[in-house]
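Protein chains: 2
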Amino acid sequence: MEPDFTAPGFFPLLTELLRWRRDVRHFRTDEIPEAELLDLLRLAQLAPSVGLSQPWRFMRVRSAAARALVRENFRRCNEAALSGYQGEDAALYARLKLAGLDQAPVQLAVFCDGASPTGRGLGRRTMPEMLEYSVVTAVHTLWLAARAKGIGMGWVSILDPEEIAKHLQVPPGWRLIAYLCLGRPAETHIVPELERVGWEHRQTLEELLVER
Amino acid sequence: MEPDFTAPGFFPLLTELLRWRRDVRHFRTDEIPEAELLDLLRLAQLAPSVGLSQPWRFMRVRSAAARALVRENFRRCNEAALSGYQGEDAALYARLKLAGLDQAPVQLAVFCDGASPTGRGLGRRTMPEMLEYSVVTAVHTLWLAARAKGIGMGWVSILDPEEIAKHLQVPPGWRLIAYLCLGRPAETHIVPELERVGWEHRQTLEELLVER
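Chains A and U are the protein sequences, given in the same order. Per the working numbering, residue 55 is the first one in the first sequence, and the count goes up by one each step. Per the working numbering, residue 55 is the first one in the second sequence, and the count goes up by one each step.
A few of these clues could be false.
Put simply, identical chains are the same to the list, so a pair is met inside one copy or across any two.
[Said to hold, decoys possible] The list that follows gives simulated cross-link-like pairs (lysine to aspartate or glutamate, EDC-like), each with its CA atoms no further than 16 Å apart:
| hint | residue 1 | residue 2 |
| --- | --- | --- |
| 1 | K203 | D93 |
| 2 | K203 | E56 |
| 3 | K220 | E265 |
| 4 | K203 | D58 |
| 5 | K203 | E85 |
| 6 | K220 | E260 |
| 7 | K151 | E261 |
| 8 | K151 | E265 |
| 9 | K220 | E88 |
These are calculated hints, taken from the structure and not from any lab test. None of the values given here were measured: they were computed from a predicted structure.
Based on the provided sequences and hints, a complete structural model is requested.
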């Protein structure tokens with residue numbers, strides 16, 4: 055039996071979920087219960103994937119040694135990124151908090167398994183990147199489900215993906231799609247941090263819609 | 055004021071939405087009201103984007119000429135894909151319905167604008183693909199919001215993305231991320247079509263989770 059998605063209040067609250075989902079960089083350090091995390095990962099598996107390839111691979115990064123390697127990789131990449139900005143931009147960039155690697159109780163590296171036969175190649179002959187895009191929809195599903203449970207997520211991309219894959223000793227064919235921090239957010243906001251601090255503003259649909 | 059995502063029934067229905075979201079290939083031909091479509095696209099804009107880059111560009115493909123070019127591109131790419139399968143796989147592939155291009159009332163080409171300065175490069179120095187991944191999260195947001203409104207979406211990837219970009223005369227720097235069909239679904243299912251017809255099955259979390 056198909057559920058009734060027109061039930062009163064559901065769509066408005068879904069809309070609010072989309073409006074309040076943030077890329078979180080400020081975490082409390084209290085743990086996420088194990089069962090809650092696994093439930094969220096099972097929901098992430100409901101994401102669409104090209105040819106039902108399900109190429110997502112979730113790696114929990116728990117050991118102090120592995121986390122230290124990631125932390126150091128971020129530090130170096132962030133330093134290099136900072137050096138690419140000048141003047142006021144550089145000052146603003148330096149003040150941004152771009153990772154929650156020291157506080158977030160849960161860290162997940164999410165990979166795309168390019169070597170798996172699952173899906174039998176369907177739908178990715180002309181667009182092989184569909185495999186990676188499928189992993190992105192799983193990451194996004196996790197993000198929304200976590201937010202609905204009061205858990206914040208931050209996607210750290212200031213990392214060298216190949217070095218991280220080496221540090222984490224992944225199987226051949228695995229490619230890093232996302233390095234994620236999860237935990238209770240220290241604060242919640244409806245406005246993105248990059249907008250609040252004046253890095254960027256949000257665009258209207260009219261700026262982004264064309265027709266053919 | 056932050057909404058209460060713990061409101062009774064919300065998370066269960068969100069879970070059902072994730073479980074019932076399908077990649078739809080069988081559409082009814084009745085139109086989607088214009089205002090409803092624009093509302094959905096505004097929700098898609100709430101998706102996360104690296105550095106608040108908002109690189110998504112939505113193109114409504116409405117003209118018969120543009121649609122015919124896309125249809126013909128799909129036909130050729132699908133024929134080439136079919137020739138890559140043998141025996142029973144080929145027979146099964148030939149029976150699959152892999153696009154809804156003839157029925158879906160709404161067709162959207164979604165591009166990533168790689169030339170836009172928005173976001174000022176933040177977060178994509180080491181992972182430039184983050185820009186494309188951002189567009190994927192907007193596509194996925196649209197998918198979920200549409201499903202909640204009873205509108206099905208199908209992501210057609212059996213297309214040559216560069217040829218499609220040429221056919222649709224996009225500005226320089228735009229790259230095709232997704233070609234989408236939207237409309238009322240002719241049927242709804244909780245099980246993916248590729249699983250129903252025996253192309254692929256779904257994996258368990260235990261198969262996909264590792265630890266470091």
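Do the hints match the structure? See the list:
no.: 1; hint: K203 x D93; verdict: within (11 Å within a copy, 25 Å between copies)
no.: 2; hint: K203 x E56; verdict: between (23 Å within a copy, 13 Å between copies)
no.: 3; hint: K220 x E265; verdict: between (44 Å within a copy, 14 Å between copies)
no.: 4; hint: K203 x D58; verdict: between (21 Å within a copy, 10 Å between copies)
no.: 5; hint: K203 x E85; verdict: within (14 Å within a copy, 36 Å between copies)
no.: 6; hint: K220 x E260; verdict: neither (43 Å within a copy, 23 Å between copies)
no.: 7; hint: K151 x E261; verdict: neither (29 Å within a copy, 35 Å between copies)
no.: 8; hint: K151 x E265; verdict: neither (39 Å within a copy, 27 Å between copies)
no.: 9; hint: K220 x E88; verdict: neither (27 Å within a copy, 49 Å between copies)
In this structure, the earlier hints numbered 6, 7, 8 and 9 are contradicted, and the remaining ones agree with it.
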